[in-house]
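Chains as they are written, first to last, in this note's numbering: chain R, 1 to 176; chain Z, 177 to 1241; chain P, 1242 to 1700.
Just so you know, not all the hints are guaranteed correct.
As the list claims (entries may be wrong) - Here are a few chain P residues that face chain R, going by a calculated C-beta distance under 8 Å:
id, residue
1, 1260
2, 1263
3, 1393
4, 1409
5, 1420
6, 1427
7, 1443
8, 1448
9, 1452
10, 1457
11, 1459
12, 1466
13, 1467
14, 1471
15, 1480
Hints were generated in silico from the structure; no laboratory data involved.
Here the structure is a predicted model, which means the values were calculated and not measured.
All C-beta atoms, glycine included, are put in the ideal place defined by N, C-alpha and C.
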Amino acid sequence: MANKVLHVMYDDDQKLLDAARALVAQGIRVKDVFSPFPIHGLDPIIGVKRTRLAICSFLYACTGTVLAILGTWYFMVSDWNMNIGGKPNFTWIENAPSFIPVMFEFSVFCGAHGMALTYLLRNGTLPGMPADNPDPRTTDDKFVMEITTEDNHMSVEELEAKIRATDVFELSIKNY
Amino acid sequence: MGMNTKYWSSLDELQQTAAAQEAMSTEFAREQSVENFLADDKLKETNTGRRDFLKFMGFSLAAATLAACETPVVKSIPYVVKPEEITPGVANYYASTYYDGNDYGSILVKTREGRPIFIKGNKEFGMDGGAINARINASVLGLYDGARLKGPRKNNSSDIDWNTLDTEVKAALASASSIRILSNTIISPSTKRAIAEFSNKYAGKVKHVQYDTVSYAGLNKANNGVTPSYDFSKAKTIVSIGADFLGTWLLSSAYAAGYMERRKPEGEWMSKHYQFEANMSLTGSNADVRVPIKPSQEGQVVAALYAAVTGSAPISVEGADKAIASAAADLKKSRGASIVVSSSNDVYVQTVVAAINEALGNHGATIDNVTGTNFFQGKDEEVRALVDEMNAGTVDALIIYGTNPAYSYPETDKFIAGLQKVKTSVCFNHFADETSSRCAYSAPDHHYLEAWNDYAPVKGRIDLAQPTISPLYNTRYAQEAFLRWADNNTEYYDYIRQTHNSAYTSAALKTDAQWNMAVHNGTFASTVSEAASTVNATAAVSTISISEALAKATAAKSSEWELSVYQKVTMGIGNQANNALLQETPDPITKTTWDNYFTMSPADMREMGLQTYIGQCDCADVIKVTVNGKSLTLPAFPTPGQKRGTIGVALGYGRGAGNEEIGNAAYQTGKAGVHLMDGDKRQTIGKNAFPFISFVDGTWSFKATDVTIEKTGETYSVATTQMHSTVMGRDSVVKETDLATFLKNKDKKRGEAEFNLIPALAVHEDVNGDGVINAQDKKTVDNFDLWRAHPVEGPGHRWGLAIDLNSCIGCASCITACHIENNVPVVGKDEVLRHRDMHWLRIDRYFSSEFETLEETKEQTGKGTIAAYRHMEDPAENPKTVHMPMMCQHCNHAPCETVCPVAATVHSNEGLNNMAYNRCIGTRYCANNCPYKVRRFNWFNYVTNDKFSMVNPAQDDTLRMVLNPDVTVRTRGVMEKCSMCQQRIQEGKLEAKKAGLPVADGAIQTACSEACPVGCIVFGDLNDINSLVNKKSQSVRAYHALEETGVKPNVYYMTKVRNIEPAEA
Amino acid sequence: MIKESKIRKPLILGHKTYGDITKDIVDPIMGETPKQWKIAFTIACIVALYGVGCLFYIIGVGIGSWGLNKTVGWAWDITNFVWWVGIGHAGTLISAVLLLFRQRWRMAINRSAEAMTIFAVIMAAIFPIIHMGRVWQAYWTLPLPNQFGSLWPNFNSALLWDVFAISTYFSVSLVFWYIGLIPDFATIRDKMVKPGWKKFYSILSFGWSGRAKHWTRFEEVSLVLAGIATPLVFSVHSIVSMDFATSIIPGWHTTIFPPYFVAGAVFSGFAMVQTLLLIMRKVMKLEAYINLRHIEYMNIVIIVTGSIVGVAYLTELFVSWYSGVEYESYAFINRFSGPLAWSYWAMMTCNVISPQLFWIKKLRTNLQFTFFMSIIVNIGMWFERFVIIVTSIHRDYLPAAWGEFKATPMDIGLFIGTIGIFFVLFLLFARYFPVLALNELKTILKVSGESYKNDNNKH
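Chain R on its own, in the form it takes in the complex:
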């Protein structure tokens, strides 16, 4: 039998939350949820894993710091060191205090932009990408739960029945 996808629409995040809880309890796997704003407490229920973006950001920042240290060392000490205001130009460490601002800024620069890029790439949200939310209202005030027959081993009817049990606002069933 053909694969069906059910888009269950709710008119309130609370309702969706309750419904999701109920359905998951009945062993139904909710594939995804489209909402106009983040619904707190939803992720554990439908099993969305915690993101590791923060860690990336930290790593990017560290790279930045290292680059900044190397850079300042190369530019000011190694490549062509000059006598600037009688400062000790022969060592990096004695000059370090005046390089700290640049090191800090550059770390932040790398951390922030690295993470932002990763975020957009992982989301697949990039300039000109097509939107794939099932219903335009999901960016306004409606909340849609996407459930497919394929990863729930039950018939459409069965699913529909269970879903109808919740406070549904609208339900559409499409073929893949």
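Take the given structure of chain R and dock chains Z and P to it, following the hints.
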């Protein structure tokens, strides 16, 4: 037995083919001169076919197109035949002499690729050690001035050629019944000879009148026709009544040198200098004791001195008795080793002065009034008589040489009127100036840098002037004119040779070693030419009886307002008014540029409600001053030290009132850089004050009584380079002490004397070992460092300067020298007004406040801190003055270097603070962070911006030739500053390298140290323990300006020592 | 769900639903251009063009067209730079710091505040570039490989730190702002009917579809960026202040500068936010979202920062006296008694005295007065920078080098011009971008929305 192998450079050579032989014979190809090449007839035989023609056409078309695409490449023309003495890139120096009737100097002219670009003193052979002043130093600009007459002219309209001029003039002379020659004092034997020859030709008709723009006739008369020469280096006590002998009086540049020999406190004795004067003069600002007096009191002061010295009945002079007493006492102490001089042109005053010197036995000791000098022989009555003659219309021909009476003659109108009546008038001036433009014929003389000449400044000495460049324009020796008109066709050069060597023939031109040596040295001792150089020297006793003189001298009655005219150190008599450099050089006392004005006592001005703070936003009030019918309206400028109730005004301004062609820089330019106009005439710079000179008792008098002042209500902005006068009690900027205190500490090391302690900071350790750690535990700043600093001591050079505040008289020679040497742009009045002068080296002039320190001010005035600071902003009524040359201090811990974002200014390993112009992006952070504020920013592109087309030499087609090829002309938007004449250091190091020796101390001189007539600026290698600069830097007087900032400069200043009683200090 | 204490007044007035929020923000964007917007925009454009004119003149002729001189090397240029950067601090501070502190009231204002930040920083960036003698070489401040070989910028220079600080601050704020905008663009995209505009917004929205996973990441990124941006905000103005603090000029060389500058920045930033929002809430009918409570909170921030600044001024004076350094003490005596004292007292009145009026609740909650004050504060902050820069260098170490400063039309023209450009940009933002953070507002609707609060009260 040894073998001898033969090697061939080629097979052909082996076979000895014809070609090879040919090649060998012409191994070194002889270059073919252009003439020979063109003369070659074979060229004519070569013919160009149609195809070739097309090829050429095509090529040239392509070439033209390509050329058009690219920025044009400017090619300089190489020598076709290179003069042997010239090596491109290496300067040649020629000894010569400067004389303009007012200033005299033995000079060395620096030429590059045949262009004179710099003038310095001929220290080795020059008269009085070749001391020169700013005016002489800057005179090189005059050579290139584009407004110079390009050739002979008739009626200042039609250009004619020399022959026509000669024939016409000769015709006129022949028919003339009375011929008059009006010239400045001629000290050139050959010129005198030429004039004599001319006079003989027109015997009986000719009279030669010598006219000194600024007359010393009084002095001359009082010494019975001798202009005395003075030796200030022998004088223990110097009393000057109004004579600015360091700036403008007589042979000032020479006197400055002698004077300063005895102003060094380290010497066995230091002279004591009293100055009685109305205007604050450069000399007055250097005096130990300066007494402001009214011009009318000069006679009384002199008389009082005479009385005190000779012990006759004392005469009291209001306000000066105390000083006169002590002056007289000192004079008597140093009989035969003192000098009394007066600027007065009153023969009676001068007679008394002469009497005083006679009484003190100075004549023959410090003063030579028997032979004296040959300068300033002008007789005022003669000049006046001539002018009357002219007005009577009895002068048929007038020949004017080396002077500009139509501008400078006090009764200008009278002279001009007379000039109209003269049938034939000829003028030799360089420009179509006030006089020349009114003469029938302008016969421009060579510029002194283009000409040969000989001068007899004093008996038995001949100085030579030699050309350093071939004449730029179609000019001719004035002397040759005289000769031609006397039907003598000798070249002036030969004529000079004949003067000094009757046996001379032009054949013996090169072989005369003695002459060549003379030319090389620029001088030789002469016996032949004595006749030409001596003056009628009889017993030097004035014919005027002393009693009569005293009576007349004291007769002068004072009035509420009195006026005296003076010469500015920068402008002199105004013969260089078109010299942008001098116009922009600030006056040593008022620090103003591009103007003259009435100097007044600030106190008087406050009473009259005139503006006493002159700044960018605060204009000066214009006042109208009237002296016996003649009046001038000029801004009033506050000058501390000016005697109350007196006004001073500078001569030498207001040139070109008739819109004459005397050069762009001689006229005022406005905000847009175009000339400001008065109707159809260009506005002059300042006003002409010569009319204020009046004729009294047979001499021109430079002072006037019965002066009336009225406010006009108008204001006028005066451009000053220094807006704040006092040092605000900041003793780490300027240090001074009195002689006694100094002598006590003479042998101590730097920082040990109480008058010059190195600033110290309290530290948290028991330094003084009193067991407790408190504020008394201090360490001097040189112990503190933020970081492990770069080593600066030890091997390698560390260039530095030692500047002696004691010697610096503020004459501004260093400013002009630096300006020319480093191609510093001239920016014009409007920019100076905006406080944007570009001087790399400036002289900070500080007047003392009423009280030295803040504390003193507070307790003396009982004011609070704020009010006390306000009080300190105003100079005292008769302030002490300090002149402090200020240039880049080349700090070892330069604050400017650390803040430059692009490292455009970094430290060289020779202790210099380098400035990489082409790396600079112009953030100006360095200038802001410079505690000495010596960095200068290129606000505009001074070389192309129209605003500067009239003033900046770099924008004039010919003036541009004066630029120093060793120094980049900076572009817009970059920072610039003193480089310690990097180019000269480099040159010196290379010289030493070639010689394989270490750089000798003193071998390298910066422009400023070279130009300094008194050896105040000493340049050298601080790391060379035997160098003079190193020794000075160790001396007890040495200190760093703003030492507590810890920037560790490489410039040392020497504490100023005044020869005054500690009580007065 | 988080419950907010009942005594707190609601942040979103009027019984709004999610739909209403969308409607209120999106409708004006989709609707016709309002007349007063057109007028305002035209005026702004004219002023901006004038500024651009001055800009070209200055670049064409040289820095000499300003009133600077050999003593005063910086004046209006750097004053304006610091002033704009300061203003540019409020936005990121509001969205980042307040986010960390979980201040919900920020949500109504952070979007426009950030927009203001970004535009202000752009204005600020103009000055350090234009003030260079050779603008065309500005890129030499970057460590770029070059044909000169080993030729690198000087990392000891505070100006170079500025280059890094400003560029980082600008780009990070921009990213932070845009990431927040993406979901709201999506909302507009889905609402928009005109095809052209729909395309436009769908490009801007990067194909956002609001999946659960994306929202998780979204919140994470916002949080982390906020975490990064917070120290950044403080660092930027600290570094700007080091331009002066690391010099040796009395009145510049002051260790108090970093905190003092940051406080000042926040101070002026909030003032500018007030100025803009008070206009915007009227024009765009956002009273429900930006209400008295927001205004009052911001005024409180103004009191606090204003007082900090005031304390800083007094500390400076005290230290200058206590240090016993004659140059230092004179520098400050000269500030309040010298030729430029008028600017010092203008600063004092505008920054220290007037904000204290906000202690009075009546004034603090009065819109007209708040608006007036916001202008006053910004004038005062401009003078603060003028005082620090000009009065310090015009009379520093050597009295002989003491100078004056006189502004020229070019000084003034360029400054006015930047204000024009700033408003052009802000007006464009207000017209075509979602001026409130829709998605964030919706999350707090139930917590702080009026109707819901009432529900809570029922329970």
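Here is how each hint holds up against the structure:
For residue 1260(P), the suggested interface contact is upheld, since its CB lies about 4 Å from the closest CB of chain R, less than 8 Å. Interface hint at residue 1263(P): satisfied, since its Cβ lies 5 Å from the closest Cβ of chain R, which is below the 8 Å cut-off. Evaluation of the residue 1393(P) hint against chain R yields a held restraint, the C-beta minimum of about 4 Å falling below 8 Å. Satisfaction of the interface hint for residue 1409(P) is found here, the shortest Cβ-Cβ separation to chain R being roughly 4 Å, below the 8 Å cut-off.
Here the hint on residue 1420(P) is kept, as its CB sits about 6 Å from the closest CB of chain R, short of 8 Å. For residue 1427(P), the interface hint holds, since its Cβ comes within 8 Å of a Cβ in chain R; the closest pair sits about 5 Å apart. Taking 8 Å as the C-beta cut-off, the interface hint given for residue 1443(P) holds, the closest approach to chain R being about 6 Å. Because the beta carbon of residue 1448(P) sits about 3 Å from the nearest beta carbon in chain R, less than 8 Å, this interface hint is met.
Interface hint status for residue 1452(P): upheld, as the beta-carbon distance to the closest one in chain R is roughly 5 Å, under 8 Å. Annotation: interface hint on residue 1457(P) holds; nearest CB of chain R at approximately 6 Å, less than 8 Å. Restraint check, residue 1459(P) versus chain R: the minimum CB separation of about 7 Å is within 8 Å; hint holds. Taken as an interface hint, residue 1466(P) checks out: its beta carbon lies about 6 Å from the nearest beta carbon of chain R, inside 8 Å.
Of the supplied interface hints, the one on residue 1467(P) is violated, with its beta-carbon coming no nearer than about 11 Å to a beta-carbon of chain R, more than 8 Å. This hint is violated: residue 1471(P) has a C-beta 10 Å from the nearest C-beta of chain R, more than the 8 Å allowed. Interface hint status for residue 1480(P): upheld, as the beta-carbon distance to the closest one in chain R is roughly 5 Å, under 8 Å.
Going through the hint list in order, the structure does not satisfy hints 13, 14.
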